[in-house]
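Colleague: Top to bottom, those sequences are chains A and B.
Mapped onto our numbering, the consecutive letters of the first sequence carry residue numbers 1 to 243.
Mapped onto our numbering, the consecutive letters of the second sequence carry residue numbers 1 to 146.
Hints are computed from structural coordinates only; laboratory data are not their basis.
A quick note: this is a predicted structure, and the numbers were derived from the prediction, not measured.
Each residue gets a CB set at the ideal place from its N, CA and C atoms; glycine is no exception.
Dumping the calculated DSBU-like pairs for lysine-lysine here, alpha-carbon to alpha-carbon at most 35 Å:
| # | chain 1 | residue 1 | chain 2 | residue 2 |
| --- | --- | --- | --- | --- |
| 1 | B | LYS76 | A | LYS126 |
| 2 | A | LYS241 | A | LYS133 |
| 3 | A | LYS78 | A | LYS241 |
| 4 | B | LYS76 | A | LYS103 |
| 5 | A | LYS161 | A | LYS78 |
| 6 | A | LYS206 | B | LYS83 |
| 7 | A | LYS133 | A | LYS161 |
| 8 | A | LYS206 | B | LYS76 |
| 9 | A | LYS78 | A | LYS126 |
| 10 | A | LYS161 | A | LYS126 |
| 11 | A | LYS103 | B | LYS83 |
| 12 | A | LYS241 | A | LYS126 |
| 13 | A | LYS206 | A | LYS103 |
| 14 | A | LYS78 | B | LYS76 |
| 15 | A | LYS133 | A | LYS78 |
| 16 | B | LYS83 | A | LYS126 |
| 17 | A | LYS241 | A | LYS161 |
Pair by pair, the computed Cβ-Cβ distance ranges are:
| # | chain 1 | residue 1 | chain 2 | residue 2 | range |
| --- | --- | --- | --- | --- | --- |
| 18 | B | LYS83 | A | ILE134 | 42 to 48 Å |
| 19 | B | THR94 | A | LYS103 | 37 to 43 Å |
| 20 | B | VAL39 | A | LEU200 | 46 to 52 Å |
| 21 | A | GLY124 | B | VAL51 | 32 to 38 Å |
| 22 | A | LYS103 | B | SER48 | 52 to 58 Å |
| 23 | A | ALA189 | B | LEU96 | 22 to 28 Å |
| 24 | A | GLU158 | B | THR105 | 27 to 33 Å |
| 25 | A | ARG199 | B | THR70 | 26 to 32 Å |
| 26 | B | VAL27 | A | LYS103 | 25 to 31 Å |
| 27 | A | LYS103 | B | LYS83 | 26 to 32 Å |
Where chain A lies over chain B, by a calculated footprint (3+ residues, C-beta under 8 Å):
| # | stretch |
| --- | --- |
| 28 | 12–20 |
| 29 | 24–30 |
| 30 | 53–64 |
| 31 | 79–91 |
| 32 | 100–106 |
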Amino acid sequence: MASITNSTDHGHGHGHDSALHHQFENISQQNESYIVGMWVFLSTEVMFFGALFFIYTLYRWNYQLDFYIAHEHLDVTKGAINTTVLLFSSFTMVMAVQSAQLKRRMHVISYLLVTMACAFVFLGIKYFEYSSKIADHLYPGAGFATDGRAAFGEHAMEAGKLAVNMNHAQLFYGLYFGMTGLHAVHIIAGILVIGALIRLWVNECKTVTLDYVATEMVGLYWHFVDLVWIFLFPLFYLMPKPH
Amino acid sequence: MASNTSHSHEHHIVSTGTYFLTLIALVVLMILTVAIAGVNLPGIGPFSGTVVNQTIALVIAIVKAMLVITIFMGVKWSTTLTKIWVISGFACLTLLFGIMGDYVTRHYEYQPGWEKQTEGALPRGTPNEPEIPPANANNLNVKIRH
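Isolated chain B, as found in the complex:
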């Protein structure tokens, strides 16, 4: 309990100016992200303009989120135990997104739905009658790549 006694009993009171500046920064970033989204940026190296645009939008969102978490939610002035819990939630989120690694490296196969397929409802480049693949010997919905 030594860590608790070292703290002052008077908690940290953040000034109105700090909060107001944070609000201004958040609104400016919001306007910036809308402005950048209106421009089709050129691609950089192997990345297309779409990826560049989307990356900028997400980076701005992450900066905004960091401002809210550190200043408004007061994590900047919080104890180490609180910080560990803050990080743990987002660490689990990162782990979850690791599953994308499976999807992007595997052949994605169209499965016909239960509803009647109209012509407009077919994915581009598929014949009118979707070919129903024969049941796999291994009973998995995955076609083995050759």
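Extracted from the complex, chain A is given alone in its bound form:
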């Protein structure tokens, strides 16, 4: 019976100025469908990253000391700055969604631009981090550093003997580049999607201006990218000393 009431409420004669598509009964149902669809996608992303987190857990479990020594080459300060930048960008993203709900077009564009700028800052810091690893031959492959003392300094030594297994250190850096690299790919994809969204808002495209849900979906994706980093940061940068 509800459908009858709704069709009289909205009518199906709505023109091009309505965000409601004809297969939905009302805007709430339509938005719920969009958001559920986005969460289905995000569930697959959780499992996609989840497998990598599982590999990390397994090898960290097996090679605790090697992973600890290898992780000391990472820069906690840069990691912490990057975490803050991403958390802040999540805030500006959610403000863009709120502005979209309130139909404040210029606010949406400004917040999205700040979010995008944060994404570029994140990638910039990541570039410096990757460069320092590559300079020390700490990337997986045939060129991986073989001398633990040269790569990790005195951290790698214990009572005058080498305490780190360089194969396991290579595994750590394989996971580091694999997981943060995949995350960086998501950041780049985010920049492209946010860029496309900004373009739609600037052009006052009805896809985004009539209803907030388009902005909300980009927001959900961006928060997910932030979510992954929330776990990557303590697992890679803040490893406790095995004792």
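Using the hints, position chain B against chain A.
Modeller: What follows is chain B alone, placed relative to chain A:
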């Protein structure tokens, strides 16, 4: 479709204050996790300090993730169907980590790699020439525990 009609057509608009407080909480938790990671905490009961440190870091990460999911992603104000999908993804993740139960209860055996093993590349406590185990009768890479 009754659940949809009961909803107001005006969606919930969360105040800027709520979002800002969430951001502050997230940044404070981030600083807290960095600060705690710098201290080697003592062990509690059967758990070593390493486990205590790591558990605290992960609990803080989970709290941060919950803040992002509930407030920023708006799951707190979302419909039941959305919540079911949110939970399903993480439920599958939990199932996946159940596989760790197999690894931690099984004897882990070193397998020599295809590359030439240099002395520094050997795991601690193994002889210079890694002993290549004879092919198992059951053709599995698992040595039966005695």
